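Undergrad: These are the residues of each chain, in order.
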Amino acid sequence: MSEAALVGLFVATVQFATLVFLAALGELIAERAGVLNLGVEGMMAMGAVSGFMVGLETGSPWAAFFAAAAVGALVGGLHALVSVLLGADQVVSGLALTIGGLGLAAYVGRNVVGERPETLFTDLGIAGLADIRWFGDIFFNQPPVVYLAVLLGLAVWFVLTRTRLGLALRAVGESAPTTDAVGHSVMALRAGAVMVGGAFAGAAGSFLSLYMAPGWTEGMVAGRGWIAVALVIFGAWRPGRLALGALLFGFTLALQPRLQSFDIELLGVQVNRISPALLGILPFVLTVVVLVIISWRYRHRPSPAPAALGLPYRREER
Amino acid sequence: MIRPVLVRRDKVVPATQAVAFVVGIAAALVLGLILLWTSGHNPAEVYERMFDAAFVGTDSLARTLERATPLALTGLAVAVAGSMGLWNIGAEGQMMAGATIAAGVAMTADGLPGPLLIAVMVVCGVAGGMVLMLGPALARSHLGVSEIITTLMLVYVAIRVVEWLETGPWKDPESFGFAVIEPVPEQASLPGLFGRANIGTLIALGLLLVFSLAVSRTAWGYELRLAGSSPNTARYAGISLRRKVLTALLLSGGIAGLAGAVQLTGSATRLESGLSNGYGFAGIIVAALALMRPSGVAAAAFVFGAVQVGGQSIQTLGVSSAISDILQAMILFGALMAAVFFNYRIRWSGPAGQASSDDDQAEAGDDTMALEGT
Chain A
0 MSEAALVGLF
10 VATVQFATLV
20 FLAALGELIA
30 ERAGVLNLGV
40 EGMMAMGAVS
50 GFMVGLETGS
60 PWAAFFAAAA
70 VGALVGGLHA
80 LVSVLLGADQ
90 VVSGLALTIG
100 GLGLAAYVGR
110 NVVGERPETL
120 FTDLGIAGLA
130 DIRWFGDIFF
140 NQPPVVYLAV
150 LLGLAVWFVL
160 TRTRLGLALR
170 AVGESAPTTD
180 AVGHSVMALR
190 AGAVMVGGAF
200 AGAAGSFLSL
210 YMAPGWTEGM
220 VAGRGWIAVA
230 LVIFGAWRPG
240 RLALGALLFG
250 FTLALQPRLQ
260 SFDIELLGVQ
270 VNRISPALLG
280 ILPFVLTVVV
290 LVIISWRYRH
300 RPSPAPAALG
310 LPYRREER
Chain B
0 MIRPVLVRRD
10 KVVPATQAVA
20 FVVGIAAALV
30 LGLILLWTSG
40 HNPAEVYERM
50 FDAAFVGTDS
60 LARTLERATP
70 LALTGLAVAV
80 AGSMGLWNIG
90 AEGQMMAGAT
100 IAAGVAMTAD
110 GLPGPLLIAV
120 MVVCGVAGGM
130 VLMLGPALAR
140 SHLGVSEIIT
150 TLMLVYVAIR
160 VVEWLETGPW
170 KDPESFGFAV
180 IEPVPEQASL
190 PGLFGRANIG
200 TLIALGLLLV
210 FSLAVSRTAW
220 GYELRLAGSS
230 PNTARYAGIS
240 LRRKVLTALL
250 LSGGIAGLAG
260 AVQLTGSATR
270 LESGLSNGYG
280 FAGIIVAALA
290 LMRPSGVAAA
300 AFVFGAVQVG
310 GQSIQTLGVS
320 SAISDILQAM
330 ILFGALMAAV
340 FFNYRIRWSG
350 PAGQASSDDD
360 QAEAGDDTMA
370 LEGT
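Line by line, the protein sequences give chains A and B. The first sequence lines up with residues 0 to 317 when you count with numbering that gives the first Met the number 0. The second sequence lines up with residues 0 to 373 when you count with numbering that gives the first Met the number 0.
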């Protein structure tokens, strides 16, 4: 394996990590407030297509990025309406959001398949640092979304753990009646968390369509939204661990298309002779294995999941 | 500030879910109308074409049944797990696994007479679905790993494996370079009913009936539902939750595997990576609409089969078939919302959450009384 290939692998690791981290961070916010949203895949698809179309129209990747976030928030809003305000089953509503979101994205984007926007996100060479051997390319010559994701991760950690709003959000995820009794609006907190989470997922989708795989094709999210959902469990609902998990999954996602070109032998098998379709199962198998290991570790301890996760709240029925 | 609060109705609307389903269909059609209108199509023409393609004439009905069959089977698969409060999101993958094993059997035992070969394929299909479910089921029953994500992840695994088989080991040498698997032997196709419908539809109906009775009328079914709704009671009654979780999930996987085998011997000609065609995912909506009841699964699967046939037919009008995915999700959203309003009514409540009508009156005057009702 050449040096350039190795650096390329880690550059891609950071980018894939950013992709799943952004989406998972949004899901983390919603889940900390007690709302499971299985619609991440659909919200990402909607973000990807709407970001891409705005990018085509305006030529501004940032306008596209924020438009995608707004669309993600809107799509998340549907989940908030149905599962938070009306109290319907969160699993059902989230799944419908994924199926409907994928369908709607396919429909909305049917005329822009194969087009290519003129301006995409460009790598941000940070003066002085980008030239450092190896590390420069991996850490200091990435698109701006990567650094934004780091900032957002810090911001979410700060808000959740160091502010009154964060305390209220975490409280509503542990026990809605208690939070209600204290005088916070359960509905506003939860609906807000779901919509912010949707904005993160939508933004992640546009990072996909405006940088990582410029363009729009049906099914381009390809299960990354689901990996983001799993990542929240891996991260034990904490932003810091989420970032670590994102790097691990980012590495796997980056490794998979590159294994083809690596002339190495693993367990007596020539890696570059394995079919790409088979290598494609790697991130998904890893997810299952990781989930099993985590549950094994927590088998004698209480789960770190928010206690009220998945439970709708109706004041009249407490 | 006066806020709306949802209050459970004393008298529930009769046949709530059936009515909610109809409301869901209506809501989806209205939304579809707006979508079609704004993208420059003539909604009336599109809907007419969809209706004709799905219902008018025996050929159309046969097509609808052909599509409804895998939907009913995957819907049943999801519902069996769902009657215990478990979510099998991976019926799509188990369907693929079932079809793959069945196709493997057909390749190695292609000398067998038709009925026998089909029987073996179907049994092995069930086993294939169960095998893919085994990991998630054990992880759930013994470690409490959420079956939602594990079952879903294996969908991608199953589809990729079929892609691999297509391009590599099972590639048909007589396919002129195309990456396809050889067709299943001729004697291994299910007898037809009429049009494109085959007896797979009857298999699905029969299974729905069996499970409908098993879940609602047998001790086994009662224990299953009890274990789902009140695990502590079930444990106290001596029911092994682990075993119940395992059986429910494995059965669910097996039925989805059966759907794969039926699809392979029924309307498909060969194993291909598009064989599951979203049926497993749509089956989740079907089961959710049916509130996990097998009888409802039949009705929802029929409607969804029609929506999908209709969605295919409008491509000739230049309308994307993605419309049918949107309609399916919207039917569920509409039904979910309608069901809430059938079970609850809105009461306008005062600022501190005072729900008593006296306070409402004091805060907001007489307006609230009209909504009060009771």
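What the hints contain is simulated information worked out from the structure, not anything from laboratory work. Small disclaimer: the values here were computed from a predicted structure and weren't measured. Wrong hints could be hidden among the right ones.
What the hints assert, rightly or not - Label-pair restraints from in silico Cβ distances:
#, chain 1, residue 1, chain 2, residue 2, range
1, B, K170, A, S59, 38 to 48 angstroms
2, A, G124, B, V21, 53 to 63 angstroms
3, B, K170, A, L247, 30 to 40 angstroms
4, A, P301, B, P184, 47 to 57 angstroms
5, A, G113, B, Q311, 45 to 55 angstroms
6, B, E47, A, A187, 37 to 47 angstroms
As the list claims (entries may be wrong) - In silico contact screen, one side only, chain B against chain A (beta carbon under 10 angstroms); selected entries:
#, residue
7, G103
8, M106
9, L164
10, W219
11, Q327
12, L335
Glycine included, each C-beta is placed from N, C-alpha and C at the ideal position.
Undergrad: Run every hint past the structure and note whether it holds.
TA: Taking the hints in turn, this is what the structure says about them:
1. Between K170 (chain B) and S59 (chain A) the Cβ separation comes to about 46 angstroms, which falls inside the hinted range of 38 to 48 angstroms.
2. Checking the proposed 53 to 63 angstroms range against G124 (chain A) and V21 (chain B) shows it holds: the Cβ atoms sit about 60 angstroms from each other.
3. Against the hinted window of 30 to 40 angstroms, the Cβ-Cβ separation of K170 (chain B) and L247 (chain A) comes to about 34 angstroms, which satisfies the hint.
4. Between P301 (chain A) and P184 (chain B), the C-beta spacing of about 55 angstroms keeps the proposed range 47 to 57 angstroms intact.
5. Checked against the hint of 45 to 55 angstroms, the pair G113 (chain A) and Q311 (chain B) fails, with Cβ atoms roughly 23 angstroms apart.
6. A hinted range of 37 to 47 angstroms holds for the C-beta pair E47 (chain B) and A187 (chain A), which are about 44 angstroms apart.
7. At about 17 angstroms, the closest approach between the beta carbon of G103 (chain B) and any beta carbon in chain A exceeds 10 angstroms, and the interface hint on this residue is violated.
8. Annotation: M106 (chain B) was flagged as interfacial toward chain A, and the flag is violated, the nearest CB pair being 19 angstroms apart, outside 10 angstroms.
9. Restraint check, L164 (chain B) versus chain A: the minimum CB separation of about 9 angstroms is within 10 angstroms; hint holds.
10. Given hint, W219 (chain B) at the interface with chain A, is violated; its Cβ is 25 angstroms from that chain's nearest Cβ, farther than 10 angstroms.
11. At a threshold of 10 angstroms, the smallest CB-CB gap from Q327 (chain B) to chain A is about 7 angstroms, leaving the interface hint in force.
12. The beta carbon of L335 (chain B) comes within 4 angstroms of a beta carbon in chain A, closer than 10 angstroms, and the hint placing it at the interface holds.
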